[in-house]
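Undergrad: Each chain is listed here by its residues.
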Amino acid sequence: MSEPIKRKPTKLVPVPSTNKIPERDINKAPILECRHLGIDFGGLTAVNDFDMAIGRTEIAGLIGPNGAGKTTVFNLLTKVYQPTRGTILLDGVDTHPMNSVQVSRHGIARTFQNIRLFGNLSVEDNVKVGLHNQVRYGMVQGILRLPGYWKKEKLAHESAMELLSIFGMQDLADHQAGSLPYGAQRRLEIVRALATNPSLLLLDEPAAGMNPSETAELMENIVKIRDTFHIAVLLIEHDMSLVMGICEGICVLNFGEIIAKGTPDEIKNDPQVIEAYLGKKREV
Amino acid sequence: MKKLSGLKKTTKVDFATYLGVTLAFLIVYYRLQRGGLTNAMTSWLVPVCCFIVMAVSLNLVVGISGELSLGHAGFMSVGAFSGVVAGMSLRGAIPFTPVRLVVAILVGALFAAVAGVIVGVPVLRLRGDYLAIVTLAFGQIIKDLINCLLVGYDSKGLHIIFNLGKKTVADLHLEEGGVAIIKGAQGAVGIQKMSSFLAGYVLVMVTLVIVLNLIRSRTGRAIMAIRDNRIAAESVGINVTKYKMIAFVTSAALAGAAGALYGLNYGSLVSSRFDFNTSILVLVYVVLGGLGNIWGSVIGATVLYILPEALRQFADYRMLFYAIVLILVMLATNNPHLQQLAGTVAERFRGKKPARAGEGGQSHE
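Those protein sequence lines, which keep their order, are chains A and B. Offset between the first sequence (1-based) and the numbering used here: plus 948. Offset between the second sequence (1-based) and the numbering used here: plus 11.
Hints are computed from structural coordinates only; laboratory data are not their basis. Some clues are possibly wrong.
Unchecked claim - Under 8 Å between C-beta atoms, here's a sample of chain A residues computed to sit facing chain B:
1) THR1026
2) SER1052
3) ASP1073
Think of the CB as a built atom: it goes at the ideal place given N, C-alpha and C, for glycine as much as any other residue.
Same shape as in the complex, but just chain A (with noise of 0.2 Å):
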C-alpha cells in the first residue's frame, strides 16, 4: 500500500483556465480505480464485481435501469456502505480502513438522489458547513470570537460567495436552504459538494426534475466545474441528452453487474445496453 497522499491546501481560487479541455488521461494513474467491488445485503448481491476507473479530469457516466445498484455504487465509494468484496483506490490509497468522515476528507464529494441539504440553514451557512474542514478554527476562538475567528469567517464567506457564484446563486445567500426551488437545492447540494474541495464529484441525478433548457444550463456547468477545479465528475442520471453529451466514458450498470463501458457511442450502438435500457427504435 502506498503512502497516504496529503490533501493540498483549498484551491479555492480557479486555476487560470486556457479553456482548452484536458486530454482524457485515463491510462495515467486513475483518480479512482474499483477491483472486483461488490456489496450483498443478506443473500441479496445488489452490486457485484464492479470494475472502474476514472481519470483525473475525467466526466464519467454511470447508468442502468431503475435498481441496477448504480446509488447503491455510490454508496460504497462514500462508505454509507463498507463493501463485502473487492477494493476501492482513492488517488492509489486503499479506502478500506476508512469511514464516510475520511473518504470526504481524501477527496470525495457527492451529492444525493432525494436531495439531503441542511433545511433549516441559510444557503451561505450550508456551503459553510461544506467548508468545514477546508476553513477551521476552534471552538474556542468562535466562542471568544478571537482574531482568528473574524479572519476564518470573513475567507469561509468570500469562498461561498464564490463558490455560489459558479451557480449565479450569490443573491439567494440569505434563503432558507429548504425554502428554494426545486431545482436550485439540486444546485446548492452541487455547490456544498464542490466546497470541501474533493478530487471526485459524485453527482447522483443532477438533472432530475429539471427541464430541458436547466439541463443543459447544468451540463454547461458540470463541464465547467471540471475545468475550473480540475476535478473528475462521476454523474449517475437517465437523461441521455445530458449523459452523451457530456461524459467522456460510460459504465452501464443491469443487476448489479456491469455489462457495458466505453465511449458514449460505443455504449449507444451496444446491443446487450439497448436490450437492457436504452431500448430499440420503433420499427416504422
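Guided by the hints, dock chain B onto chain A, whose structure is given.
TA: Positioned in the frame of chain A, the structure of chain B alone reads:
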C-alpha cells in the same frame, strides 16, 4: 464596522437579546435597590436566572442539536451539590465570597461536564426516543446517588463516603469543628447563601454569549447540519459523534453552573428538587419559547417560572390556571393565522416583503 443595517439579521437578534436581558436586569435591579420589590419577588430573582440558564443550555441540545434530553435536571443537581461542597469547604481558603461563588460555579460546571461526558459517550449512540429514555433514567440515577452521599470537611480536607448500608454522618469521622455538608437523604444543610441577583445576571449573560457565539460559529453550523441531515453532514466530512458531544457536554456544563448558583441560593438543598419534573419543566420553557430560539427560551423561562409563583395566592387553582396558559400559548404559537399576522406585522415594521409563514419554531426530524 459597517452601519447597523449592514449587519446580518442573526447578529441583530443576538444584540437585541443581550440588550433586552441587560435592560430587564437594570430595571429590576433599580427597583430592588429602591426596595420596590416584595420579599416574594426578591426570592424569585436568582431562581429565574438559574432557570434561564437551564432553558438556554437545554435548547442547545434539544433545539440546536436536535436530541431530546430528559435528564437536564440531573446535570443541574451534579452542579448544585458539587458547587455547594466547593463553596462551603473553600471558606477558609478563599474568604472573599464573590470569588468563592465564581469558583463554586466553575466547579459545578466542571463536574457537570464530566457527568456529561460519562453519560454522553454511550447515550449519543442512541437516537430519538431511546436517547430520551436513557437521559431520563440518568436524571433519576443521579438523584438516588446523591441521596447516598455523605460529605463533610475539617482541617484535614474533604471526607466523602458513599452510604450503601447504614452509614451516618458519624462515619465521616470529622474532627472537632468539622462540618458535614451533605447528609445523605437529608441533602445539603447549613449552606451559606452566596448567590446574588447580580451573579445571576452575569451567569445569564455568559451563557448567552457562549451559546449564541457557538451557534454562529463553525462548530454550531456543524451541530445544526447534523440535526438537519446526519448523512449529508457525514458526506461533507463532519464527525457526527464529536459535534453531538460538544453540544451535549457544553449544555451539561452550563446546567451545572446554573445548579451551583441555585444551590448556593438556599440554606438547605435536597436532591429531590432536581427530579424528573424539573427536567420536564425546563423542557416546557424551551418548547414554548421555540426550539432553536434562544431569546424565546429566556422569555419562556422567565414568564413560566414567575407565573405559578405569582399565582400562589390562588393556592388550589394556580396549577389549573398555569395549565390553561400553557395550552393557550401552545395554540397561539402553532396557529398559522397568528403566524401570518405576526409576519405581516414584522413586514410593516421592516418595510420589506413578508417572511415565509411558520418561521417561529424550527422543525426537525
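Undergrad: Hint by hint, work out which the structure violates, then give me just those numbers in ascending order.
TA: Hints that this structure does not satisfy do not exist here, as all of them hold.
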